[in-house]
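Work the whole structure out from these sequences, hints included.
Taken in order, these protein sequences are the chains called V and F. Taking the UniProt record's numbering, the leading residue of the first sequence gets 1, the next gets one more, and so forth. Taking the UniProt record's numbering, the leading residue of the second sequence gets 1, the next gets one more, and so forth.
These are computed hints drawn from the structure, not numbers from a lab. Each statement offered as a hint is correct.
Capping the alpha-carbon separation at 25 Å, the derived lysine-lysine pairs in BS3-like fashion look like this: (1) V:LYS60 - V:LYS2; (2) F:LYS26 - F:LYS40; (3) V:LYS2 - F:LYS10; (4) V:LYS19 - F:LYS60; (5) F:LYS4 - V:LYS2; (6) F:LYS4 - V:LYS19; (7) F:LYS10 - F:LYS40; (8) V:LYS19 - F:LYS2; (9) F:LYS40 - V:LYS40; (10) F:LYS40 - F:LYS60; (11) F:LYS40 - V:LYS26; (12) F:LYS2 - V:LYS40; (13) V:LYS4 - F:LYS2; (14) F:LYS40 - F:LYS19; (15) F:LYS40 - V:LYS19; (16) V:LYS10 - F:LYS4; (17) V:LYS40 - V:LYS26; (18) F:LYS40 - V:LYS2; (19) V:LYS2 - V:LYS40; (20) V:LYS40 - F:LYS26; (21) F:LYS40 - V:LYS60; (22) F:LYS10 - V:LYS4; (23) F:LYS2 - V:LYS10; (24) V:LYS4 - F:LYS4; (25) V:LYS40 - F:LYS19; (26) V:LYS60 - F:LYS19; (27) F:LYS19 - V:LYS2; (28) F:LYS4 - V:LYS40; (29) F:LYS4 - V:LYS26; (30) V:LYS4 - F:LYS40; (31) V:LYS26 - F:LYS60; (32) F:LYS26 - V:LYS60; (33) F:LYS10 - V:LYS40; (34) F:LYS60 - F:LYS2; (35) F:LYS60 - V:LYS40; (36) V:LYS10 - F:LYS40; (37) F:LYS26 - V:LYS4; (38) F:LYS40 - F:LYS2.
Because the structure is a prediction, the values reported are computed rather than measured.
Protein chains: 2
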Amino acid sequence: MKAKVYVTLKNGVLDPQGKAIEGALKNLGLVGIDNVRQGKYIELELGATDPVEARALIEKACRDLLANTVMENYTITIEP
Amino acid sequence: MKAKVYVTLKNGVLDPQGKAIEGALKNLGLVGIDNVRQGKYIELELGATDPVEARALIEKACRDLLANTVMENYTITIEP
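Right under this line is the structure:
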């Protein structure tokens, strides 16, 4: 099975990387782009064959390591 | 409109961050997780109203800034 995890900053949390990208895009003359937010996209291959078991494992991985749940949200998709 | 960009390392390119995550997960006792690959997930708000125009703008942003096309792939989704 394959898991995909998207870790994004919670609304209201300042995103300096996003701001830096926004400024750089403007410097490149690419206008009309605002509110840039950068997060992490993580792909993981799982030995588990049961989707419920796989999701529980990745939920724990997110809570324990992949996301700082104080200021980040995470979304998980499980694929066969 | 809203654009979502996923930037991932090309196959065959070593991913030290992915390896570090993999090791840390094992140290936490989370086994059965392999081939961890970490990339960037970027959200951008666009003033454009035409999806074709929006995609062209983001394609240029990816080629010029968001992705290092020598070693990274990028995927774009455009949402109304």
